[in-house]
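Colleague: Sequence:
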Amino acid sequence: MVAIGSVSSLVFLDVLHTPFDHTVPPLVLSLKIAAALGFILSAALLILRRSIRPSYSVNAGNLFRQAVSFVTASTIVLLVCSVVLPLSYTSANAPANTLTLILGVALSIAAVLIALRQMYWLDNLVLLRRSKYTNRLRGFIAIGMLGLMMFELYRVISGATTDVLTSILLTLICILFVAITIKRPWLNSFSKKEKLKGTLASFTACIFAIVLLGTGFGEGDSLLQSMNLLLPGTQYILLCSLLFSLVYFVRVGFSLFIALPTAGVVDRKIREVRSLSALSRKITQINDSQELLDTAVKMVRDVCGASSVWIELFDEEGKATVTARKNISDSQLHFLNADGVLSKLLRVQRHGLYVENMGEQPELRSLYPKVMKFARSMVAVPLTLEERSVGTLFAIHREEFAFEAEDVALLLAFADTVSIAIENARLFQSSLEKERFKSELMVARDMQQKLLPKTLPEIMHLDIAAYSSPAFEVGGDYYDFVTLADNRLCIIIGDVSGKGISAAFYMAEVKGIVLAQASECRSPGELLRKVNRSIRGHIDKQSYITMTALAIDPTNGMVSLARAGHTPLMHKHGKGVSLLTPKGFGIGLVNAAMFDPVLEECDLRLAEGDRILLFTDGVNEAQDEEFNELGYAPLETILKNNTSQRAELLLGDVIRQIAEHSGGVAQHDDVTIVTLLCTGQLAQQTVTPARNVEFAGA
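Here my numbering is used: the first residue of the sequence shown is 473, the next is one more, and so on.
It should be emphasised that the hints constitute simulated quantities derived from the structure, not laboratory data.
A couple of the hints might just be wrong.
Cut-off 25 Å, straight-line C-alpha distance, at most; resulting in silico cross-link-like pairs (SDA-like, lysine to any residue) [what the hints assert, rightly or not]:
(1) K910 to I973
(2) K971 to E1073
(3) K842 to R819
(4) K1002 to A980
(5) K1112 to D1089
(6) K770 to A980
(7) K845 to L818
(8) K665 to C646
What follows is a set of in silico ranges between Cβ atoms, one per label pair, in the way DEER data are often shown [said to hold, decoys possible]:
(9) K770 to H1010: 23 to 31 Å
(10) A877 to Q538: 21 to 29 Å
(11) V915 to N1100: 54 to 62 Å
(12) V915 to E789: 34 to 42 Å
Quantities reported herein were computed from a predicted structural model and do not represent experimental measurements.
Backbone N, C-alpha and C define an ideal beta-carbon position, used for all residues, glycine too.
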């Protein structure tokens, strides 16, 4: 608001044709000076109050580019305006017409604003690397600029000559500009490309500043007359801004220009340091050895400028295998390893191989005709760990003498870091696998305990026992007792292919499906068909489930049996033992169109003294030391000879038979057994879960 009011007053006074002159009435001149100074101070406050003081987070390159771009562009704008605008002044420096008055005031205001903004950007660049004298020098410059304006006002009001004082003060300000721009260490961090661009941009800014100084500040120039019309002395704001930018960008331009010849070496060192630092960070961030190796070959190629890079690691037998590579094919590697010439040379020179020209290396001349199109120079350094060679890092180039001795030192540093990283990744993966395995075992163990029934159904004249033992801590066997829609008890026994945590998860899925479908099914065959429809498509192609479902009618002893690829059911009736094998595919192997027609269901009637044995293939396939399987015959013998009235005793006989046959050999497959004894005539009764499972999980 102050600025708007000041400008309005200024324009009003200028319209009255009261140019700054010592003949103007003192009151009018005072009002005019107050209005102009109020505008300048208000504009300066509005611009500088948002001045961003650079901190550790400021990017010097970005700030420099923004500053030089603004200074150059704004200088060009002022230069064009001072030349193009139709400004006409009388011999007394008064506007010749109203258009000149309006355009002159507008140009003067723009020049002051631009000058203040240029000073703002240059001040920020100075503060990028301040010293204890920086703020003091800034204060002296501000006092000097104010002194220039006061000298000019005094000259206009009094008519006295101040040229000598003005020249001395301008000289001192220029010296202060030189002193305040001494520290510019951030220029060293520029890349060669950035230094070249910075040199061109700095000299461009200097050229336009010089042109504007020559065309806008000469005697009778329109820009000088316009700023005198606004307020005598304001031209020194723009003059100081142009001198500041000229001094600063001349120093920056020459510094960058002088540094250009060595910029490539500096860039290389910076890349090397950054790459080693980045690789060190990757060691702490990447725990996958393959990802780490891929990152390493990419970094080596970028830093050394190699055409191709690859890493070979040795296995336990000492055979080298390419584990990571960049820009090299299998055929090219084959040519390099032809006849084992390179491997032999590496065995002799264990501390690294530096070949400036493969055509001049006697040992490699036989390879040169085949590899000269893609490999003419080479560096190879060993990857060692505790004085043990674990591999080799290779870098090749299609030109001769492409590598330097510094490249060998750099690759050796990379090799040491990569070796440590490989070992760290291996140890981490080993530890992670152990922890994961331990976690899987705990999850699977808990899951199995929750999956298996905690109680056994109790039916008059029927005795049931069950047992399940995984080969390892986890297993894929499953048994359960459910009630069908017609209130019949259904005994389920199943075996998920495979072992480990995946089998345990499928086991959990099967249990959920069986429990969800059983109450809607009226036969074991219908239950197996629905389970297959639910599982099919939700299990991987390498997995499947075998299952037997046995439904018992407690009112009359009728038993319905359906089998989906599971082991046979053994039934002792009288003195004979039958092996029941109704047809059926394993669950999850085929779709419903194939599964449903093939699945068979058979019936039998239980009489007093009958025994039924359900088991998984871990029983009949139990092996001894010579890998002989138990088979079905011993199980038939147990059923024939067992006369006990308790299912647990029959179950115990089967378990002992397995142990005797194995002879101490570790169990290689899950074992699950369900035994059922008919101890009397079945009659009308209700099935209720009551008795705890004594053998489950034993």
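Colleague: Hint by hint, note whether the structure agrees.
Modeller: Now for the hints, and whether the structure bears them out:
The straight-line distance between the Cα atoms of K910 and I973 is roughly 11 Å, inside the 25 Å bound, and the hint therefore holds. Distance check on the hinted pair: K971 and E1073 sit about 29 Å apart at the alpha-carbon level, beyond 25 Å; violated. As the CA atoms of K842 and R819 are separated by approximately 22 Å, the hinted pair is consistent with the 25 Å bound. Distance check on the hinted pair: K1002 and A980 sit about 16 Å apart at the alpha-carbon level, within 25 Å; holds.
Pair hint K1112 plus D1089 holds up; C-alpha atoms about 21 Å apart against a cutoff of 25 Å. Between K770 and A980, the direct Cα distance comes to roughly 45 Å. Violation of the 25 Å bound is thereby established for this hinted pair. Our distance criterion of 25 Å between C-alpha atoms is met by K845 and L818, whose separation comes to about 22 Å. Between K665 and C646, the direct Cα distance comes to roughly 31 Å. Violation of the 25 Å bound is thereby established for this hinted pair.
A hinted range of 23 to 31 Å is violated for the C-beta pair K770 and H1010, which are about 40 Å apart. Restraint check, A877 to Q538: a C-beta distance of roughly 41 Å breaks the suggested window 21 to 29 Å. For V915 paired with N1100, a C-beta distance near 35 Å fails the hint of 54 to 62 Å. Against the hinted window of 34 to 42 Å, the Cβ-Cβ separation of V915 and E789 comes to about 37 Å, which satisfies the hint.
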